[in-house]
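A.B. asks: Here are the chains, one letter per residue:
Protein chains: 2
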Amino acid sequence: MGEGGQPIRTTGADMLVDTLLANGVDVCFANPGTSEMHFVAALDRKPEMRCILGLSEGVVTGAADGYARMTGRPAATLLHTGPGLANSLANLHNARRARTPVINVVGDHASYHLALDAPLTSDIECLARPMSNWVRRVKDPADVGPTAADAYRASLAPPGVATMILPADASWGAFSTDAPPQKVLLEAPRPASAETVRKVAGLIRANPAGVAMVLSGAAAKADGLAVAGRIAAVHNVQLFNEVLVAHTQRGRGRVAPRRIPYPIDMALDMLSDVKVLILVGAPEPVAFFAYPGKPGRLVPEGCAVVTLARHGEDLKATLEALRDELGISATLPLPATGAPTDEGEPSGTLTEDAVAVIVARKVPENAIVCDEAATSARRFFALSAFSAPHDFIMQTGGAIGEGIPLSTGAAIACPERKVICLQADGCAMYNIQGLWTQARENLDIVTIIFSNRTYAILHAEMRNVGVEEIGTNARRMLNLDQPALDWVSLARGFGVEAAVATSCEAFAALFDAALSRRGPFLIEARLV
Amino acid sequence: MGEGGQPIRTTGADMLVDTLLANGVDVCFANPGTSEMHFVAALDRKPEMRCILGLSEGVVTGAADGYARMTGRPAATLLHTGPGLANSLANLHNARRARTPVINVVGDHASYHLALDAPLTSDIECLARPMSNWVRRVKDPADVGPTAADAYRASLAPPGVATMILPADASWGAFSTDAPPQKVLLEAPRPASAETVRKVAGLIRANPAGVAMVLSGAAAKADGLAVAGRIAAVHNVQLFNEVLVAHTQRGRGRVAPRRIPYPIDMALDMLSDVKVLILVGAPEPVAFFAYPGKPGRLVPEGCAVVTLARHGEDLKATLEALRDELGISATLPLPATGAPTDEGEPSGTLTEDAVAVIVARKVPENAIVCDEAATSARRFFALSAFSAPHDFIMQTGGAIGEGIPLSTGAAIACPERKVICLQADGCAMYNIQGLWTQARENLDIVTIIFSNRTYAILHAEMRNVGVEEIGTNARRMLNLDQPALDWVSLARGFGVEAAVATSCEAFAALFDAALSRRGPFLIEARLV
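Heads up: the protein sequence lines correspond to chains B and U, in order. Residue numbering for the first sequence follows this note's numbering, starting at 1 and increasing by one per position. Residue numbering for the second sequence follows this note's numbering, starting at 1001 and increasing by one per position.
In short, the hints are calculated from the structure, not lab data. Warning: the hint list may mix true and false statements.
No farther apart than 27 angstroms at their CA atoms in a straight line, the calculated lysine-lysine pairs in the BS3-like style are these [unchecked claim]:
| # | chain 1 | residue 1 | chain 2 | residue 2 |
| --- | --- | --- | --- | --- |
| 1 | U | Lys1221 | U | Lys1199 |
| 2 | U | Lys1139 | U | Lys1046 |
| 3 | B | Lys139 | U | Lys1294 |
| 4 | U | Lys1139 | B | Lys294 |
| 5 | U | Lys1046 | U | Lys1221 |
| 6 | B | Lys46 | B | Lys221 |
All chains, full assembly: derive it from the sequences and hints.
C.D. replies: Laid out in structure tokens, this is it:
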């Protein structure tokens, strides 16, 4: 296109697709509408772009989040005007909190049509801003390419959510150009300064047994963990994952931080003896919610909180510099993870703990575990340190409902890997439509529904606020019964095979069967 | 409460429920989260408030919209922080475009917790503003009651969407008051000025056969239509509904305006001979989308567009004043609606037109028809002029996916009436979760899925933008096949009985059966 210096005639929509492709963005999660028809037509002319339909927009952005977490590269999303963007925002919130690169293309009316206030008109910028790190409206057809290139850059440096608003006339309008689609060159991330590294090393030396690190991003991947693990072993440093973990790598042979617990009292307890908390790509951990009479910050009074490196910096190289500064060998053998207490294969009545135990024992090597089990699989993370090596991702912003889309995107990103989605039933209902995308794309995902027929977390929170007796109105808002959801029917309705297990033995057999086949499968783990 | 002048001790949450109840707001559509637990506890103490759970927030606000359209009174909604509000915005957009009263209560973190930027923190005001007519954040516990009273007023005068943001500490905080919950007194809406009425009467007299009226709100209900019908009969005025109709009353014996068509060329054609367009509670009709080379305004050049009365004014009284000004008797017999061409009961292969014809013939008296059939039931509206008298509501903002929630809310509002939801399959997927609420509340709704396995409207729009040959990418984004959705399984999964019809005879028999029983039922009308 125009590479010989000859001007060529193109449209905004074509330039958008060409610019995305030139930068390796070759997957587009989409739920299009009328104002995007020219963009759809342009996509149709470029079969190199893989277009994946979500039946609702939460599926689209949740899948984009999962895809980018596993590839490190953004996917594009295609959303229809303000309401389409609105439907997608909860999972953009999660993506933003996971610091995931996403490029949203939000179609809008032709620019000259906005003044007429047609029914679908809304303030798209205002809707986009809270869940985006970067927002820009395209001015005209020639502005589409530069805006797409800037959106690509904004999505990656540092990683975050970039939203471009594409008026229909900028999309359909033709223009001449002799410039090829812009290939964006990104600077490699840099490690933190030597001064910061020296300062943190000094704190570690000065506070034996009082230092902890919160690891995120590349610091929470296997290689980064190994570096942190050597520092931890030599200097008795506690290692933590964040409360909600965007992406880590776990399993036998890997350094296994503890996760800071969601329940406030457990979190305060876990951090109670920390004198220096070192942040590696993570913000300071705080209480998920405020509770009357309890602190909002999780570190004890007097604890120093120090940032070693920020999101967007080279976290692994920074940890390596810290290791070197502390004079630790890069090949120091890591202490072996102790074997777990062998509690044996659970049997009989199916409980949430039993499901967690069975899954942790059976996770296949190189699987991707996607956890949105909320209250139901709290034991899994600790147990997974002894599983076969695998990746672990979860919903990170507290906007529930991302499990099914997130696992969908992860499976698109990694077609050769098994994806296991641990999914609470209440959360599953927000984007249940994602099962259809799993069926259409024949994705290799086992979804396990923790079917307890309740928003269990809210029952716990009601107790937290001092309510002992639940009455009719609360019961009607906190329980998912009358009628119970029939998960097997729902899954089949979306084209996904499914079965129900009511005992440990039945669950283990179903899970084995699901692991040994390819394609999406849903297991309702009906809990007592 | 405090009525004897004795100060009583209460909480913000209790005052909120008491203020809503004092103003007759006794239904709360809810999808609560942790930050709303004190509000849930307060609701639990007041069984007079009926709490209805939606499994996703689009169900909550769409149902509130349907409830308020049928009662004229707002319901409350309970939404959880920014992401919960975000999920609900598409149907708030529809409610706002329908000019429906809604009171949203959006729970947020405790005010002092916001600075910590906990994972669920977001800019709720910014999210709320585009789809709300009124937004306010509660300051403290004592501010809850006044804010709730103002939200009630804002939702009704003129009707629209009011959003109050309730920090957790304002909800749980206690305070003393000797004032009872505020009962809001609303001024009755007023008719348009005599001067405006005289001016419009003059235009009608001066433009024989050139005047049309667009009727909305009370002007589109049976009594208002009867007044407009007398004016129309005497002065040869064309009567129109808006393109998307928030609420009208149709059927034998009622004046039946034509609906301005959604397809741009049909709309331009229908309005081509209008010289004066009179707006009664409606904005000027414009093209739903812009198309290259086509106008955005629908009236022909030179057409005068005059507002007789605005949304929020007394539309029926204004029409009566206009009738009187024109010297027309209030008891002038209305011309009989001509009988429709009897095309007989359709038979054989099931088509979308056949479904529309069968439904129009069988609509029971006093039913509520909720139309989100998109392209599929376009004949229904014209035919429904000859149906048994019924109410008609539809999605009005172009944010697809409201059919199931809207019919849910209408059925809550009118438990003694049959609700018939005409539902396109693509649109149905956005808030399919609403079927569960229909099952739980045992609502008397027949949902008819127009199952054509495609976003048919987008295929039409692709042709509108000049695409003749659909390729792989477009087909994958515009078709709902591979796999086809199994609607019967989906409905059963949510606890709703269902069956599929593939012929006119089977559909008619199923529809008869569904009409003769009580409770939710879904028919997949599988179209060829």
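A.B. asks: Each hint needs a verdict: does it hold in this structure or not?
C.D. replies: Verification of the hints:
no.: 1; hint: U:Lys1221 <-> U:Lys1199; result: holds, 24 angstroms
no.: 2; hint: U:Lys1139 <-> U:Lys1046; result: holds, 24 angstroms
no.: 3; hint: B:Lys139 <-> U:Lys1294; result: holds, 21 angstroms
no.: 4; hint: U:Lys1139 <-> B:Lys294; result: holds, 21 angstroms
no.: 5; hint: U:Lys1046 <-> U:Lys1221; result: violated, 35 angstroms
no.: 6; hint: B:Lys46 <-> B:Lys221; result: violated, 35 angstroms
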